[in-house]
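Using the sequences and the hints given, assemble the complete structure.
Chains as they are written, first to last, in numbering that gives the first Met the number 0: chain A, 0 to 161; chain B, 0 to 547.
It should be emphasised that the hints constitute simulated quantities derived from the structure, not laboratory data. Check each hint, because a few of them may be wrong.
Only some residues are given here: those of chain A computed to face chain B with a beta carbon under 7 Å [to be verified]:
| no. | residue |
| --- | --- |
| 1 | Gly21 |
| 2 | Arg25 |
| 3 | Val49 |
Calculated lysine-lysine pairs in the DSS-like style (CA-CA distance at most 25 Å, straight line) [as the list claims (entries may be wrong)]:
| no. | chain 1 | residue 1 | chain 2 | residue 2 |
| --- | --- | --- | --- | --- |
| 4 | B | Lys145 | A | Lys62 |
| 5 | B | Lys179 | A | Lys61 |
| 6 | B | Lys343 | B | Lys292 |
| 7 | A | Lys2 | A | Lys72 |
| 8 | A | Lys61 | B | Lys305 |
| 9 | B | Lys318 | A | Lys66 |
| 10 | B | Lys179 | A | Lys66 |
| 11 | A | Lys66 | B | Lys221 |
| 12 | B | Lys318 | A | Lys62 |
| 13 | B | Lys100 | B | Lys168 |
| 14 | B | Lys221 | B | Lys318 |
| 15 | B | Lys135 | A | Lys72 |
| 16 | B | Lys292 | A | Lys62 |
| 17 | B | Lys145 | A | Lys72 |
| 18 | B | Lys292 | B | Lys200 |
| 19 | B | Lys179 | B | Lys135 |
| 20 | B | Lys200 | A | Lys72 |
Each residue gets a CB set at the ideal place from its N, CA and C atoms; glycine is no exception.
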Amino acid sequence: MMKHVLAVWVEHHSGVLTKISGLFSRRGYNIESLVVSKTEDNSIAHMTIVVWGDDRVIEQVKKQLNKLIDVIKVNEITNDETVDRQLLLVRVSANNGNRGEIIQMIDIFRGRIVDIGRKSLIIEATGDETKIQAMINALQPYGIQELVKTGVVAMTRESKNL
Amino acid sequence: MNGAEILLRALEEQGTELIFGYPGGAVLTIYDALSKSSISHILVRHEQGGVHAASGYARVTGKIGVCLATSGPGATNLVTGIATAYMDSIPLVIITGQVAKAMVGTDAFQEVDITGITSPITKHNYLVQDIRDLTKIVAEAFHIAKTGRPGPVLIDIPLDISMAIDTYKPYKNVEIRSYKPTVSGHPTMIKKAVAIIKNSKNIVVCTGGGVINSNAFFEVEKLVNETHAYVVSTLMGLGSYPGNNKNFLGMLGTYGNRSANEAVQSCDCLIALGMRFDDRAVGNPVKFAPNAKIIHIDIDPAEIGKNMPIELPIVGDIKTILNQMLKLLNEEAFNLTGNKVFNKIETKIKEGLNAPWILNKIQEKVTKDTIVTTDVGQHQMWVAKCYSFNKPRTLISSGGLGTMGYGIPAAIGAQLAKPDNLVITITGDASFQMGMNELGTIAELELPIKIIIFNNKALGMVRQLQHHYCNKRYNNISFEKSIDFVSLARAFGAKGYRIDNVAEADLILDEALKNNSFSIIECTMDSRELVYPVVLSGDGLEVMTEDI
Chain A
0 MMKHVLAVWV EHHSGVLTKI SGLFSRRGYN IESLVVSKTE DNSIAHMTIV
50 VWGDDRVIEQ VKKQLNKLID VIKVNEITND ETVDRQLLLV RVSANNGNRG
100 EIIQMIDIFR GRIVDIGRKS LIIEATGDET KIQAMINALQ PYGIQELVKT
150 GVVAMTRESK NL
Chain B
0 MNGAEILLRA LEEQGTELIF GYPGGAVLTI YDALSKSSIS HILVRHEQGG
50 VHAASGYARV TGKIGVCLAT SGPGATNLVT GIATAYMDSI PLVIITGQVA
100 KAMVGTDAFQ EVDITGITSP ITKHNYLVQD IRDLTKIVAE AFHIAKTGRP
150 GPVLIDIPLD ISMAIDTYKP YKNVEIRSYK PTVSGHPTMI KKAVAIIKNS
200 KNIVVCTGGG VINSNAFFEV EKLVNETHAY VVSTLMGLGS YPGNNKNFLG
250 MLGTYGNRSA NEAVQSCDCL IALGMRFDDR AVGNPVKFAP NAKIIHIDID
300 PAEIGKNMPI ELPIVGDIKT ILNQMLKLLN EEAFNLTGNK VFNKIETKIK
350 EGLNAPWILN KIQEKVTKDT IVTTDVGQHQ MWVAKCYSFN KPRTLISSGG
400 LGTMGYGIPA AIGAQLAKPD NLVITITGDA SFQMGMNELG TIAELELPIK
450 IIIFNNKALG MVRQLQHHYC NKRYNNISFE KSIDFVSLAR AFGAKGYRID
500 NVAEADLILD EALKNNSFSI IECTMDSREL VYPVVLSGDG LEVMTEDI
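So, in C-alpha cells, the structure goes:
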C-alpha cells in the first residue's frame with residue numbers, strides 16, 4: 000500500500016465534485032486529500048487527489064475515473080518530478096514570555112504571522128508536506144489551539160516534458 | 000415552443016417512437032405536449048414497471064428505451080430499474096420531472112435529488128438548468144446511452160423549464176471532449192491474440208452480453224468455425240451463438256451446465272467476448288480457467304483486469320475487432336487440433352412437474368423467434384440451463400442486479416417491440432408478486448403475453464441458499480396460503496390455467512400458447528427441488544456439487 004497522487008482535469012459544472020467523491024466512496028478507495036479549483040480555462044477544473052492503495056487498486060481508480068463523462072484527463076504523477084505545495088493556518092498559544100521565540104522559529108520556516116492576540120498567534124505557511132509537518136511538530140510544544148490545512152496541489156516540472 | 004414541446008421534438012429527432020411512463024404534477028406540461036406528438040405513450044401502473052418495460056424494449060430491438068416519470072416518488076420508484084439497466088449495460092434515456100428551479104433544495108412537494116441518488120447507477124445524468132441547453136442535452140444523452148458500453152442516462156427537467164418558451168434549435172454533431180470510446184482494436188494486440196490462438200489446442204469462446212450489444216453474431220460464428228472452438232456463454236450472452244449447435248456447451252458459472260464448466264477449466268485458451276468475469280460466471284476467480292491463456296475483448300477498459308489477471312486484453316468494439324482478427328487468421332493456413340472432445344451433457348430430465356421437464360415441453364411447442372423473459376431465482380437458472388436460445392435477443396432477464404419483478408414489465412416492452420412474436424414470461428410465485436402491478440397494463444393494451452408461474456409456494460432460490468449455507472435452517476421462505484392464480488388471471492381479463500399433473504400439461508400448454516390472448520398458466524411445483532449442479536462459494540468451476 001502506498002500513496003499515489005493523481006492530477007485530474009474535469010468539466011467545470013456543478014455536481015462534478017460530488018460525482019468524483021461519490022465514485023471514491025462507493026468503491027471504497029481511501030482518499031487522503033482532494034483539492035479542486037478552476038484553471039486558466041474557465042470551463043475546466045483541476046483536482047489533485049492523494050489516494051492510498053496498491054498498484055491494482057490504483058489502476059482501477061484511474062480507469063473508473065476515466066469512465067466518468069465529466070472527467071477529461073487523468074494523470075498519475077506519483078513518480079513524476081513535481082512541485083507540491085500545501086497551505087497551513089495554525090493558531091498557537093503565545094504569551095509575552097515565548098512570543099519572540101515562536102516568531103524566530105517561524106522565520107526559519109518562512110512562515111508569516113497573520114493574526115496577533117494576547118494569548119495566541121495565527122501563523123500561515125506554505126510548503127511541501129515534509130516542511131509543513133516539520134513546522135507543526137516544532138509548534139506542538141507551545142500548544143496548538145486550532146489547525147487547518149489544504150490538501151496537496153501539485154504540478155509536474157518541465158523537465159518531465161522535455 | 001415551450002420546453003416540453005422542445006423536449007419531445009428533440010426525442011422525435013432521435014427516432015423515439017415509444018415512451019413508457021406515468022404522469023404527475025412535475026411532468027404535466029410534458030404530458031400535455033405528448034398529446035400532440037408522434038411519439039406513442041404507454042401508461043404503466045408503477046414507474047418501476049415503466050423503466051423495466053423500456054429495458055425489455057431496448058434489449059429486444061437494440062434501440063434506446065425511453066421512459067418518463069414525475070418528480071419525488073415517481074423518480075425514486077425508477078431507481079431499482081435504473082440500477083438493473085446499469086448493471087446489464089442496457090441503453091436507456093430516463094426523463095424525470097423536477098420541481099421548479101427556484102424550489103430546488105427547499106424540500107418542496109414531491110422534490111427529491113434524483114441526480115444525486117442516481118449518480119452511481121447511471122452512465123451519466125443531467126439536471127437541466129437552462130432551456131437553451133435542452134436540445135444539446137437530449138442529443139448528448141442519446142449519444143452516451145448508445146455508444147461505448149451502453150447504459151442508462153437520466154435527464155431531470157424542472158417544471159419551469161418545461162413551461163418556459165424558446166425557439167427550437169436543433170443540435171447535431173455531438174462532441175464530448177472527455178468521452179471517446181475506442182472502436183478498433185490495437186493492431187499489435189490483435190496480432191498477439193492471433194498468435195496465441197494459433198498455438199493453442201483447446202479453445203473455448205465465451206460469449207457475454209457485450210456480443211449482443213455489438214451485434215457480433217456473424218463474426219462469432221466465423222471465429223468459432225475458423226478455430227474449431229467450443230462455445231460457452233454467460234447468462235447475458237445466451238442466444239448470441241445458437242444454443243442448438245453441437246459445439247455450444249451451455250452456460251458457465253455457479254449454476255452453469257456441467258460440460259460448459261468442465262471445458263472452461265480444462266481449455267488452454269479462453270476467448271472472452273464482452274463478459275466481465277462476474278463472480279456468478281467464474282466461481283472463485285483464483286481458480287478460474289487454470290490452464291488457459293485468456294484473451295479478453297471488451298469495449299470498457301475498466302473491465303480489463305478488474306476481477307482477474309488477463310493474458311491479452313483488447314479494448315474496442317467486438318464486431319470490429321473480430322473482423323480484424325479474422326482477416327489475420329485467414330492469412331495463413333494453420334492446423335488446429337484439439338485433443339479434447341466435449342460432449343454437451345444435457346440436464347437430466349425426469350418426468351414430473353419440475354422445471355426442466357416443463358421447459359422442455361414448452362421448447363417443443365414454440366419457435367426460435369419466441370421471446371422469453373424471466374424473473375429471478377431458481378426458475379431463471381433452470382431457463383438458462385435447460386432452454387435452448389438459438390437466436391440473439393430472445394432471452395430477456397435481469398443478470399447483474401438480479402431484480403425480481405423484472406419479467407412481467409420487460410415482457411410488455413418486448414411484446415410492443417415485436418407485436419408478431421410470441422412472448423412468454425417464466426416466473427416464480429414470489430417474483431410474480433413483485434411484478435404483478437403491470438397485469439393491468441397488459442390487460443389494457445390487450446397484449447397476448449403468456450405468463451407461466453412455477454408455483455412452489457416459496458422463495459426457491461433463497462431456500463436453496465439456506466440449504467447450502469445455513470445447514471438447511473429454512474426460515475421466511477415459504478407461504479402457507481395458496482393464491483388462486485387462475486381467478487387472479489380472470490380478474491385481469493386474462494385466461495387462467497393451472498397444470499396440476501403431468502397428464503394435463505400438453506393439453507393446457509397447447510391451448511394456452513396458441514390462444515392469442517393474455518394468459519396466466521400456473522404450474523404446481525415442489526419447493527424441495529434444487530438447481531443442480533451448483534458450484535459452492537469458494538470452489539473453482541470444476542467442483543460441481545450434485546444432489547446432497
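Open item on the list: Checking hints one by one. Is Val49(A) an interface residue toward chain B, by the C-beta closer than 7 Å rule?
Closed with: 21 Å, violated
Open item on the list: Just to be careful, I want the Cα atoms of Lys135(B) and Lys72(A) compared with a cutoff of 25 Å; is the pair within it?
Closed with: 23 Å, holds
Task: Holds or violated: Lys318(B) to Lys62(A), with C-alpha atoms at most 25 Å apart - done: 23 Å, holds
Open item on the list: For Lys179(B) and Lys66(A), compute the direct alpha-carbon distance and say whether it is at most 25 Å.
Closed with: Given pair Lys179(B), Lys66(A) holds - Cα atoms ~10 Å apart, limit 25 Å.
Open item on the list: Lys318(B) and Lys66(A) were given as a pair; does the straight-line alpha-carbon distance stay at or below 25 Å?
Closed with: 21 Å, holds
TODO: Please work out if Lys100(B) and Lys168(B) have their alpha carbons no farther apart than 25 Å.
DONE: Holds - the C-alpha atoms of Lys168(B) and Lys100(B) are around 22 Å apart, at most 25 Å.
Task: 25 Å Cα cutoff - pair Lys179(B), Lys135(B) - done: 17 Å, holds
TODO: Mind checking the alpha carbons of Lys292(B) and Lys200(B) for me, to see if they're no more than 25 Å apart?
DONE: Satisfied, since the Cα-Cα distance of roughly 11 Å is no more than 25 Å.
Open item on the list: For Lys145(B) and Lys72(A), compute the direct alpha-carbon distance and say whether it is at most 25 Å.
Closed with: 22 Å, holds
Open item on the list: Just to be careful, I want the Cα atoms of Lys292(B) and Lys62(A) compared with a cutoff of 25 Å; is the pair within it?
Closed with: At roughly 23 Å apart (the allowed maximum being 25 Å), Lys62(A) and Lys292(B) satisfy the hint.
Open item on the list: Tell me if the straight-line CA distance from Lys66(A) to Lys221(B) falls inside 25 Å.
Closed with: Violated, at roughly 32 Å.
Open item on the list: Tell me if the straight-line CA distance from Lys2(A) to Lys72(A) falls inside 25 Å.
Closed with: 20 Å, holds
Of the numbered hints listed earlier, those contradicted by the structure are 3, 11 and 20.
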